[in-house]
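Protein chains in written order, with the working numbering: chain A, 98 to 353; chain B, 186 to 346.
Honestly, the hints are just simulated from the structure, not real lab data. Honestly, I wouldn't trust all of these hints.
Claimed, not checked - A few chain B residues that face chain A, going by a derived Cβ cut-off under 8 Å, partial list only:
1) LEU221
2) VAL237
3) VAL250
4) ILE272
5) LYS275
6) PRO282
7) HIS287
8) THR291
9) VAL296
10) LYS297
11) GLY314
12) VAL317
Claimed, not checked - Okay, derived cross-link-like pairs now, DMTMM-like style, lysine to aspartate or glutamate, Cα gap no bigger than 20 Å in a straight line:
13) LYS189/B <-> ASP269/B
14) LYS234/B <-> ASP267/A
15) LYS341/A <-> ASP232/B
16) LYS324/A <-> ASP232/B
17) LYS324/A <-> GLU257/B
18) LYS341/A <-> ASP269/B
19) LYS309/B <-> ASP299/B
20) LYS202/B <-> GLU144/A
21) LYS270/B <-> GLU125/A
22) LYS297/B <-> GLU342/A
23) LYS270/B <-> GLU178/A
24) LYS158/A <-> GLU178/A
Every residue, glycine too, gets a C-beta built ideally from N, C-alpha and C.
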Amino acid sequence: MSDNGKTTVRMTIDGRSIDAPVGATILEVARANGIDIPSLCYHPGVEAFGACRLCVVEITKPNWEGWKKLVTSCLYPVEEELIVSTRSEEVIENRRVVLDLQLARVPDSDVIRQMAAKYGIHDTSYEKRKDADTCIMCTICVRVCEAIGANAIATLSRGPEKYVDVPNIDACIGCGACALSCPTDAIPMTEENGVRHIWDKDFELVRCEVSGEPIGTPEQIKHFAEKSGLPESYFTKSDRQRKKETAADLARVMLG
Amino acid sequence: MSRKRLFVTPYRCIDCKNCEVACSFVHTRDPRKPSLTRVRSYTLRNDVKSVVLCLQCDDAACQRVCPTGALERDPETGAINRNDKCILCKACTIACPFGNIHFDPTNVEIVKCDVCEGDPACAKYCPTGALVWAEKPIPDEKVEENVEVRTLPWAMTMPVR
Numbered sequence: 098m099s100d101n102g103k104t105t106v107r108m109t110i111d112g113r114s115i116d117a118p119v120g121a122t123i124l125e126v127a128r129a130n131g132i133d134i135p136s137l138c139y140h141p142g143v144e145a146f147g148a149c150r151l152c153v154v155e156i157t158k159p160n161w162e163g164w165k166k167l168v169t170s171c172l173y174p175v176e177e178e179l180i181v182s183t184r185s186e187e188v189i190e191n192r193r194v195v196l197d198l199q200l201a202r203v204p205d206s207d208v209i210r211q212m213a214a215k216y217g218i219h220d221t222s223y224e225k226r227k228d229a230d231t232c233i234m235c236t237i238c239v240r241v242c243e244a245i246g247a248n249a250i251a252t253l254s255r256g257p258e259k260y261v262d263v264p265n266i267d268a269c270i271g272c273g274a275c276a277l278s279c280p281t282d283a284i285p286m287t288e289e290n291g292v293r294h295i296w297d298k299d300f301e302l303v304r305c306e307v308s309g310e311p312i313g314t315p316e317q318i319k320h321f322a323e324k325s326g327l328p329e330s331y332f333t334k335s336d337r338q339r340k341k342e343t344a345a346d347l348a349r350v351m352l353g
Numbered sequence: 186m187s188r189k190r191l192f193v194t195p196y197r198c199i200d201c202k203n204c205e206v207a208c209s210f211v212h213t214r215d216p217r218k219p220s221l222t223r224v225r226s227y228t229l230r231n232d233v234k235s236v237v238l239c240l241q242c243d244d245a246a247c248q249r250v251c252p253t254g255a256l257e258r259d260p261e262t263g264a265i266n267r268n269d270k271c272i273l274c275k276a277c278t279i280a281c282p283f284g285n286i287h288f289d290p291t292n293v294e295i296v297k298c299d300v301c302e303g304d305p306a307c308a309k310y311c312p313t314g315a316l317v318w319a320e321k322p323i324p325d326e327k328v329e330e331n332v333e334v335r336t337l338p339w340a341m342t343m344p345v346r
């Protein structure tokens with residue numbers, strides 16, 4: 098709730114008048130109303146970070162006497178009388194610069210190439226990074242790992258040398274959420290013969306005690322059991338096996 | 186207004202797989218992907234047939250284990266739905282004691298029964314009444330009370346196998 102007890106604010110996005118819930122960000126409100134704002138580092142499941150600058154929009158207010166400014170929509174909370182433009186010339190130019198720079202950073206990323214192509218950028222105007230992987234430094238992996246509670250991934254170094262890594266591999270539970278949540282597939286993960294390989298470490302997977310299907314890493318199971326307060330006996334069978342057993346239980350309950 | 190619920194009567198199931206095809210088609214628009222179904226029917230030992238889908242537990246293990254609040258109950262339908270907060274840690278798929286939430290590697294997402302937002306296709310295409318979407322269960326001479334999926338008496342209280 099805002100100071101005056103209201104739960105919504107009246108604002109304008111691209112000329113549309115919108116009642117937005119207090120505390121929401123411009124990006125959330127825009128997307129909830131079907132207005133597209135591109136982003137790279139935003140993930141609804143983790144704290145917003147404002148790193149990629151792609152979601153920048155232009156804001157003004159009636160009493161700003163014509164002054165405007167560019168803000169990251171993923172972080173900026175909605176306000177009464179806020180006038181947002183997601184498609185002004187400045188906003189589009191900002192997106193072009195961001196994508197041009199990203200294309201220099203990750204020239205081989207299909208995701209970035211496709212996004213850049215939408216804004217007419219087919220080749221970067223900057224010098225391409227040598228031996229580039231596809232990491233765009235969005236840090237979704239860092240924040241996902243933090244949300245899970247493992248805190249294994251971090252950004253290391255500073256400036257242009259900054260990179261993402263696992264400084265202490267013992268903290269990694271091998272759940273693979275970082276790899277699956279990465280928007281540019283920059284974290285390699287393989288699973289073969291019951292062994293998951295991620296962050297240069299092999300995790301022997303726990304198998305379903307009935308069907309033998311791989312379920313997850315021992316560290317992952319222990320972590321989730323501890324976090325949720327559920328006994329480890331909840332984590333001993335594959336979903337397929339459990340479903341079949343539930344069907345049998347249902348039949349038994351019904352037929353006596 | 187009383188709400189509609191999904192009632193399961195497993196012994197009425199003839200394992201015809203209509204529910205599986207309807208479910209995977211509604212959720213993927215691809216009739217060739219029955220592996221992505223949220224509902225499954227089985228022919229068990231001694232030729233007993235049975236059907237199972239998410240029980241939408243009151244105190245759900247999937248919700249408890251989720252680190253980001255990505256599993257939310259829809260007050261309208263009673264279903265627990267996955268929202269876009271999911272970070273794909275797959276904790277829910279391991280924790281569900283009934284095996285009713287899955288990881289779909291093709292579309293890289295967590296899938297579970299959402300009762301088709303209040304119009305479940307499985308019940309619509311079930312020819313025998315094993316799955317019924319209604320305000321009240323169909324009267325049955327064989328059992329005193331039909332099982333309502335959401336309030337199944339042993340959901341979360343049954344000793345874990």
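Hints, one by one, checked against the model:
1. Restraint check, LEU221/B versus chain A: the minimum CB separation of about 13 Å is more than 8 Å; hint violated.
2. With a cut of 8 Å, the hint placing VAL237/B at the interface with chain A holds, because the nearest CB-to-CB distance is about 4 Å.
3. For VAL250/B, the interface hint holds, since its Cβ comes within 8 Å of a Cβ in chain A; the closest pair sits about 4 Å apart.
4. With a least beta-carbon distance of about 5 Å to chain A, the hint placing ILE272/B at the interface is held under the 8 Å criterion.
5. Evaluation of the LYS275/B hint against chain A yields a held restraint, the C-beta minimum of about 7 Å falling below 8 Å.
6. Hint status for PRO282/B: holds, given a least beta-carbon distance of 6 Å to chain A, under 8 Å.
7. Taken as an interface hint, HIS287/B checks out: its beta carbon lies about 5 Å from the nearest beta carbon of chain A, inside 8 Å.
8. With a cut of 8 Å, the hint placing THR291/B at the interface with chain A is violated, because the nearest CB-to-CB distance is about 13 Å.
9. For the restraint placing VAL296/B at the interface with chain A, the shortest Cβ-Cβ distance is roughly 11 Å, beyond the 8 Å limit, so the hint is violated.
10. Contact between LYS297/B and chain A, as hinted, is not supported at the beta carbon level, the nearest pair being about 10 Å apart and thus beyond 8 Å.
11. Contact between GLY314/B and chain A, as hinted, is not supported at the beta carbon level, the nearest pair being about 13 Å apart and thus beyond 8 Å.
12. For VAL317/B, the shortest C-beta to C-beta distance to chain A is roughly 14 Å, which exceeds 8 Å, and the interface hint is violated.
13. For the suggested pair LYS189/B and ASP269/B, the alpha carbons sit about 26 Å apart, so the restraint of at most 20 Å is broken.
14. Taking the CA atoms of LYS234/B and ASP267/A, the gap is about 46 Å. The hint is violated against a cut of 20 Å.
15. Under the criterion of a C-alpha separation no larger than 20 Å, the hint pairing LYS341/A with ASP232/B is consistent with the structure, at around 14 Å.
16. Between LYS324/A and ASP232/B the alpha-carbon distance is near 41 Å, which puts this suggested pair outside the 20 Å criterion.
17. About 19 Å separates the Cα atoms of LYS324/A and GLU257/B, which keeps this hinted pair within 20 Å; it holds.
18. Proposed proximity of LYS341/A and ASP269/B is contradicted: the alpha carbons are some 28 Å apart, above 20 Å.
19. For the proposed pair LYS309/B and ASP299/B, the alpha carbon gap of about 15 Å is at most 20 Å, so the pair holds.
20. A hinted pair counts as satisfied when its Cα atoms are at most 20 Å apart, and LYS202/B with GLU144/A does not qualify at roughly 42 Å.
21. Only pairs whose Cα atoms come within 20 Å are accepted, and LYS270/B paired with GLU125/A is accepted, the gap being roughly 12 Å.
22. At most 20 Å may separate the alpha-carbon atoms for a hinted pair to count; LYS297/B and GLU342/A meet this at roughly 17 Å.
23. Between LYS270/B and GLU178/A the alpha-carbon distance is near 29 Å, which puts this suggested pair outside the 20 Å criterion.
24. Taking the CA atoms of LYS158/A and GLU178/A, the gap is near 6 Å; set against the 20 Å cutoff, the hint holds.
Checked against the numbered hints given earlier, this structure breaks hints 1, 8, 9, 10, 11, 12, 13, 14, 16, 18, 20, 23; the rest are met.
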